[in-house]
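2 protein chains.
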Amino acid sequence: MDLKTYLEEKRTLVDEALKDFFPAPQGPAADVFKSMAYSLFAGGKRLRPILCMAGAEAVGGKGRAVLPVACALELIHTYSLIHDDLPVMDNDDLRRGKPTNHRIFGEAVALLAGDGLLTEAFRFMADPDLTRDLKPVSLLQVIRLVADAAGCNGMVGGQAVDILMEGKQVEPSILEFLHTHKTGALSAASVASGAILGGGREEEVAAITRYGRNMGLAFQVADDILDIEGDSEKLGKGVGGDARKRKITYPSVMGLESSKGIQRTLMERAIEDLRMFGEKATPLRKLAVYIIERKK
Amino acid sequence: MDLKTYLEEKRTLVDEALKDFFPAPQGPAADVFKSMAYSLFAGGKRLRPILCMAGAEAVGGKGRAVLPVACALELIHTYSLIHDDLPVMDNDDLRRGKPTNHRIFGEAVALLAGDGLLTEAFRFMADPDLTRDLKPVSLLQVIRLVADAAGCNGMVGGQAVDILMEGKQVEPSILEFLHTHKTGALSAASVASGAILGGGREEEVAAITRYGRNMGLAFQVADDILDIEGDSEKLGKGVGGDARKRKITYPSVMGLESSKGIQRTLMERAIEDLRMFGEKATPLRKLAVYIIERKK
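So the protein lines, in turn, are chains A and B.
For the first sequence, our numbering assigns the number -12 to the initial residue and increments by one for each residue that follows.
For the second sequence, our numbering assigns the number -12 to the initial residue and increments by one for each residue that follows.
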């Protein structure tokens, strides 16, 4: 299989589903819908939804069947970017080559758009019009998993440490906490959600969750490295921002060469985690390689 | 029955459950847990949780059984207050007689605490450790209902209009949109969630939802009136802020006397909506009267 074609096909499916599920801007609050849509349709890689679909396929399920949850994960990812970019957080002007949400809609609407996307994500996962083919008990399990991964014990906790530790000297344990929580948790929940909804057995879900954690962490280390070695045009955002803001990154704490070793080890571990799935996990295996070799 | 005793008993139950369910501050992100807890345990009236429990009782269910959802509603309400108070929104320094969250923890942590509370609310509703006695299908129905009421088609939409229309001349239809969305939607979802989880029939849930809408709107009109006629010491916050900020309120659009008439009509309609429930709805009836006569 060709990974590029696979990613392209899946991304198209996700984009279509998002357009289909997402409410049309209407009424006196139309601006907040527009602001939500602006960031949601700004050309994201749709990595988390693809992980979710590939997770379902790895256990013999259908990727298409988990689309409402896959889309919900993209809404959560998008909300986190909008809030992270706000002046009180990272104060970024560019995202994916376009002005950040608050630069277009103002800070108040951007804040509310983030809140709206996060809330809408849970609506997607519980709306019987979208999820009628999925088991209620599995959906509840997934909602719990996603909420855990996105909340104060997951992504929000990671983001807090990212902000609180800016400019400080930290132990490698804090660095690992930051990255496993900020990116790793939601990546793991994405692929695990797919495996749960796809009907995976307990040990399959456990193995795929380990894959998601290693893969998500590798992704974040790769992101840190790209902020040093990447091409700002390909990335659609400035480079060197982490160093300027004295962010805690793998290169800043562990050194650049050591970070490259770490991302490779994580990638190899992620692939190792997929052993029991055979052929059906080929996309997930190729994804693990892709995310550390990508240029954007 | 004595409403004051009823409210007192229920509030104690909610406070105990919140303490029980809420995660202890831990790890490098402890500040964000502390920030969440600061606002959650700042002495709120717990009106939405009480509505949820009273809704369950009105259809013959047990209030105690719906506590995880009742608490989730309080988390959502608390998140909305933290985000509303931020400088980019209402820029308030006082809430319930104490400094607002961002005045203590800074804007970045306050923003994240709001995000964390909103996310944790959905975790509460889906966590089998908390909700094992509730039916999965009913829980999903409630999650969908609450997400709808809290999101861009509900509270977030209302808040957006509140901010976007500040200082503008508006039609009464915009005023009604604002208040039904900003406060009415989550109040209606609170009491309806209780009725669903308490095993209410479809027409019972429908009637109780109408009660919640009328009652929630009456509550907001009363809030607007208190901002003019209230005692800042009893309220624990300054008065006159709406007029200073040129907020859209019932008194500013409809006049003070007319607003008093409207809140009374809404209260009477709310009581009318409860006809089919007999004795079991006594607390909800008394609550409708209380919320327009309260001084804080």
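Keep in mind the hints are simulated off the structure, nothing from the lab.
A hint or two may mislead.
Intra- or inter-copy, both count: the list cannot distinguish identical chains.
Claimed, not checked - No farther apart than 30 angstroms at their CA atoms in a straight line, the calculated lysine-lysine pairs in the DSS-like style are these: (1) K122 / K49; (2) K85 / K282; (3) K234 / K221; (4) K6 / K155; (5) K21 / K155; (6) K21 / K122; (7) K6 / K232; (8) K234 / K49; (9) K32 / K267; (10) K(-9) / K155.
Right, here's what the structure says about each hint:
{"no.": "1", "hint": "K122 / K49", "in the structure": "both (14 angstroms within a copy, 27 angstroms between copies)"}
{"no.": "2", "hint": "K85 / K282", "in the structure": "within (18 angstroms within a copy, 49 angstroms between copies)"}
{"no.": "3", "hint": "K234 / K221", "in the structure": "within (22 angstroms within a copy, 45 angstroms between copies)"}
{"no.": "4", "hint": "K6 / K155", "in the structure": "neither (42 angstroms within a copy, 33 angstroms between copies)"}
{"no.": "5", "hint": "K21 / K155", "in the structure": "between (38 angstroms within a copy, 21 angstroms between copies)"}
{"no.": "6", "hint": "K21 / K122", "in the structure": "neither (32 angstroms within a copy, 36 angstroms between copies)"}
{"no.": "7", "hint": "K6 / K232", "in the structure": "neither (36 angstroms within a copy, 37 angstroms between copies)"}
{"no.": "8", "hint": "K234 / K49", "in the structure": "neither (40 angstroms within a copy, 50 angstroms between copies)"}
{"no.": "9", "hint": "K32 / K267", "in the structure": "within (22 angstroms within a copy, 53 angstroms between copies)"}
{"no.": "10", "hint": "K(-9) / K155", "in the structure": "neither (40 angstroms within a copy, 51 angstroms between copies)"}
Of the numbered hints listed earlier, those contradicted by the structure are 4, 6, 7, 8, 10.
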